[in-house]
Amino acid sequence: GENVEQHPSTLSVQEGDSAVIKCTYSDSASNYFPWYKQELGKGPQLIIDIRSNVGEKKDQRIAVTLNKTAKHFSLHITETQPEDSAVYFCAASINDMRFGAGTRLTVKP
Amino acid sequence: NAGVTQTPKFQVLKTGQSMTLQCAQDMNHEYMSWYRQDPGMGLRLIHYSVGAGITDQGEVPNGYNVSRSTTEDFPLRLLSAAPSQTSVYFCASRRNPGQHYGYTFGSGTRLTVV
Numbered sequence: 001g002e003n004v005e006q007h008p009s010t011l012s013v014q015e016g017d018s019a020v021i022k023c024t025y026s027d028s029a030s031n032y033f034p035w036y037k038q039e040l041g042k043g044p045q046l047i048i049d050i051r052s053n054v055g056e057k058k059d060q061r062i063a064v065t066l067n068k069t070a071k072h073f074s075l076h077i078t079e080t081q082p083e084d085s086a087v088y089f090c091a092a093s094i095n096d097m098r099f100g101a102g103t104r105l106t107v108k109p
Numbered sequence: 110n111a112g113v114t115q116t117p118k119f120q121v122l123k124t125g126q127s128m129t130l131q132c133a134q135d136m137n138h139e140y141m142s143w144y145r146q147d148p149g150m151g152l153r154l155i156h157y158s159v160g161a162g163i164t165d166q167g168e169v170p171n172g173y174n175v176s177r178s179t180t181e182d183f184p185l186r187l188l189s190a191a192p193s194q195t196s197v198y199f200c201a202s203r204r205n206p207g208q209h210y211g212y213t214f215g216s217g218t219r220l221t222v223v
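So the sequence lines, in the order shown, correspond to chains A and B.
Mapping of the first sequence onto this note's numbering: position 28 corresponds to residue 28, and the numbering continues sequentially without gaps.
Here this note's numbering = 1-based position in the second sequence + 109.
FYI, nobody ran anything at the bench for these hints, they're computed from the structure.
All values derive from a computational prediction rather than experimental measurement.
For every residue, glycine included, the Cβ atom is placed at its ideal position computed from N, Cα and C.
Each hint should be verified, as a subset may be incorrect.
Unchecked claim - In silico DSSO-like links for lysine-lysine, alpha-carbon gap of 27 Å or less:
#1 B:Lys118 to A:Lys37
#2 A:Lys37 to A:Lys57
#3 A:Lys58 to A:Lys22
#4 B:Lys118 to A:Lys42
#5 A:Lys42 to B:Lys123
#6 A:Lys57 to A:Lys22
#7 A:Lys37 to A:Lys68
#8 A:Lys37 to A:Lys71
#9 A:Lys58 to A:Lys37
What the hints assert, rightly or not - Partner residues are not named here, just some residues of chain A that face chain B (Cβ under 8 Å, in silico):
#10 Gly1
#11 Met97
#12 Phe99
#13 Ala101
Extracted from the complex, chain B is given alone in its bound form (with noise of 0.2 Å):
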């Protein structure tokens, strides 16, 4: 199994553009979400999915829209860049949100905009 794959792992984009962060997963988790990594601040939830066709928002939704066609799939998508997002992204998943298990991370997405 693959676990959770991100791409792309580095990525530059200036100020004002847009961009898709991919997100998959082979392990049929139905929970996944999208979280930003910033020093000193640990990981903030962005959004989050219970499964295919349920999104919420997190902590620091704003900027940042999310769908979930299937389960498989969670892309992030960066609408109108800014330097505020300038930040490391992990894709999570986890089994049966009714249950308590641990995430599985991919390895991250390094974002800068400048």
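Bound conformation, chain A alone (with noise of 0.2 Å):
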């Protein structure tokens, strides 16, 4: 089955400053990835969404790329808030949907 990989575990930025997460996927013909954020004591939400046939997507300071010849794709945040701390899980989907182990994002002010 799909294996996801997400990188790094924690993060920690200053207020204003860019943050990047990473994760790689196994099976190639895996052709939806989308990002979940999770706040404390409560289920992850959709934040962002990449199909297969799209490289790039972007929504006000959230952004998404997408290298399928890597078999890997990355959540760009910019312009960081503290409101933005919180864990946030990338998956891969082909029917069922395989979670990265998640990247706990600090933002101090």
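From these two lone chains plus the hints, build me the complex, please.
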């Protein structure tokens, strides 16, 4: 089955800086790559996604890039704010969805 | 819309006891899944269903049963609870499995087996 690896496991940045989280996947048939944000005590919430026929997608301060040849994709958050502090998960999907282990992002004021 | 509703929010079981975690969605989503979340291991797929009457195993199915008699409900049964099943359990649903849509997650059930 699909295997998703995510790095780093923890990330601390200063408010206003950028944050980058990277994921790799193993199954070249995967064709949908969502990113989730999980705040303490809550379920994960979809923040952005990208499909395999697209190389980059942007939504305000958040962007995702996909390199199908290398089988990796990344989440970029610009102008970070304290409310961006959370655990972020990447995932890869053909039908069922497999998740990375998560990145705990801390944005220091 | 309520989205995905999970009950209970918290549960403590003794080793060997059985219980059912409830999950219901009101979005008419065909696809539903159960995940468990453990520290440092992300979300691992237990079982999933692509529609009423159809279920399949995920990465970590042992010790769990599911059924899907209606589109709305997807209960997860623990047959004989073990301490290794202490975890946070999330139910999730999404639209048509042939398309690509993100999951809507419930708020989770925190289960402790003593």
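Hint by hint, here is what the structure shows:
{"no.": "1", "hint": "B:Lys118 to A:Lys37", "result": "holds, 20 Å"}
{"no.": "2", "hint": "A:Lys37 to A:Lys57", "result": "holds, 17 Å"}
{"no.": "3", "hint": "A:Lys58 to A:Lys22", "result": "holds, 16 Å"}
{"no.": "4", "hint": "B:Lys118 to A:Lys42", "result": "holds, 11 Å"}
{"no.": "5", "hint": "A:Lys42 to B:Lys123", "result": "holds, 25 Å"}
{"no.": "6", "hint": "A:Lys57 to A:Lys22", "result": "holds, 15 Å"}
{"no.": "7", "hint": "A:Lys37 to A:Lys68", "result": "holds, 23 Å"}
{"no.": "8", "hint": "A:Lys37 to A:Lys71", "result": "holds, 22 Å"}
{"no.": "9", "hint": "A:Lys58 to A:Lys37", "result": "holds, 16 Å"}
{"no.": "10", "hint": "Gly1", "result": "holds, 7 Å"}
{"no.": "11", "hint": "Met97", "result": "holds, 7 Å"}
{"no.": "12", "hint": "Phe99", "result": "holds, 4 Å"}
{"no.": "13", "hint": "Ala101", "result": "holds, 4 Å"}
Checked against the numbered hints above, the structure breaks none of them.
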